[in-house]
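*Asks:* Going down the list, the protein sequences come from chains G and F. Numbering (the working numbering) for the first sequence: 1 to 464. Numbering (the working numbering) for the second sequence: 1001 to 1056.
One or more of the hints may lead you astray.
Stated by the list, open to error - Label pairs and their calculated CB-CB ranges:
#	chain 1	residue 1	chain 2	residue 2	range
1	G	MET130	F	GLY1013	17 to 27 Å
2	F	GLY1013	G	GLY128	22 to 32 Å
3	G	TRP184	F	LEU1020	47 to 57 Å
The set of hints was computed from the structure by calculation and includes no laboratory data. Predicted model, so just to flag it, every value in this text is computed and none were measured. From the three backbone atoms N, C-alpha and C, an ideal C-beta is built for every residue, glycine too.
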Amino acid sequence: MSSTDTAGQDRQRISLLRVLGPAHVWALGVGIVLVGEFMGWNFTVGKGGAMGSLIACWVIGLLYTCVAMIDSEVTSTVAAAGGQYAQAKHIMGPLMAFNVGLYLVMAYTMLEAADALVVGDLLSSVAGEMGHNALDPRPFVVLTIAALAWLNYRGVLMTLTVNFVITAAAFISIVVLFIGVQPWNPGHMLQHRELLTDLPYGWIGVIAAFQFGIWYYLGIEGTCQAAEEVRSPARSLPYGTMSGIITLLIAATMTWYVATGLLPWEYLGQAATPLYDAARVTGSTALQVFLFIGTTFAAIASANGCINDASRAWFSMGRDRYMPLWFGAVHPRYRTPYRSILFLIPIAVSFSFTGLLDQVITFSILSGLLGYTFMPINMWMFRRKWPLGTIRRGYVHPFHPLPAIVLLALCITTYFATFLGYGTQLLAMMCFYIIASLWFTFHRYKYVRRGDQFTMPWARPRGY
Amino acid sequence: MDFWNIFEYAAWGISGLLLLWMLFDAVQVNRDFSEELLTSSREGELEDQSEKHELT
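Just chain G, with the same shape it has in the complex (with noise of 0.2 Å):
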């Protein structure tokens, strides 16, 4: 718990806890996004067919993949709580260090909540089939979110082995789902050569899928927030970050293989639950029942690592005074930043009780591609500042800067095709994101303590 600070004096301090390695990585980047296989990625069977889903699948696959690249190195090298917020402070500078914490807190925030409406939605569902059909989904919201707030307070080892094996399960029920319609005897259950079409609006129906096919990976670059928190991260990070991204391609491609080969695109473009009315059409009791499981716990698993990152952002701008000092405390005995975790309780909550699924997951999803937009940008400076050769990396990506500019392309792709379908919702983002700033620069920026916001013993960047 102590250690020495700047002066060299001998003080007591503490710290968040070092005990994850990449497994835990792994389980927190594919456990908040693995919920987007079970449902919400089939809208972009609605918007482009079929097929255009596949093309939104691997396009946005790539998008991700570049963000897997970067987030790997940068925060390899940036291990800090925070994950991209920490970067954008020393590559950036403090306007964008807050606005990508403020983005990071919201995407995840709402992306909790959405996942906490869907945990209710589907007890509700399941009373309905038992008979009671008037089964009121808050008290199950609020237990979602309480226990597992409950979870992440008392310590990150255990919240992250619980996310572990919830997503490794719900991984597994993907899995089950395609081996048990036998993609080896095409004809017999799956009926591709039937279903498939061609492209319904044409191609521009699959860039307006784009948007949707932000749900097949959003949340990866998450794994960033727990660069305080693991053994190693130059090590850990990007082996955790790598492998989450290629399990998602593999059960991204898994899940558009099975439900287009089951379901019609018209049903399928607005199914709410895609992969469990999959497993129905087959049949299988077995099979419903192993899909029912895995969407519950890709919800569970999801909010878990969404309450896990959005209070290390929380608590990292609080740290630096970006927010009040008080939520950047350490609790002494569980070394969880236990006050940002608490006060995103009563946030999430009410916004899951507004259940607007598709506004909330909406705002989410912006905020999200907020972010991606600001990562090449800082990739570039960081290249620039921190040439190879100077600082320390954990892990260089290859081919720079061919991911920064594919991401940034496929970003301003996206902005359109989000411009298609949810206009006034992007604007009213970018407007709050706006005041956010203005309140930062004016008011809150004159309490923050510029030197000691940066601690690590990085060598002086290019050109300073």
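Fit chain F to the supplied structure of chain G, relying on the hints for placement.
*Replies:* Just chain F now, kept in the frame of chain G:
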């Protein structure tokens, strides 16, 4: 009152208990430890020497 109604009340009850437990613990920690200690963590304090950000 059927099983599902009891389930609803149980969910409210357990949520309330968990939230109260966390609040109570947070208040106790705030009382027992100084604010300076609780907010003493610093970014980038790496225990493993191999993680140093300088090339040697």
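*Asks:* A separate judgement is required for each hint: does it hold in the structure or not?
*Replies:* Checked hints:
no.: 1; hint: G:MET130 <-> F:GLY1013: 17 to 27 Å; verdict: holds, 22 Å
no.: 2; hint: F:GLY1013 <-> G:GLY128: 22 to 32 Å; verdict: holds, 23 Å
no.: 3; hint: G:TRP184 <-> F:LEU1020: 47 to 57 Å; verdict: holds, 54 Å
When held up to the earlier numbered hints, the structure conflicts with none and fits them all.
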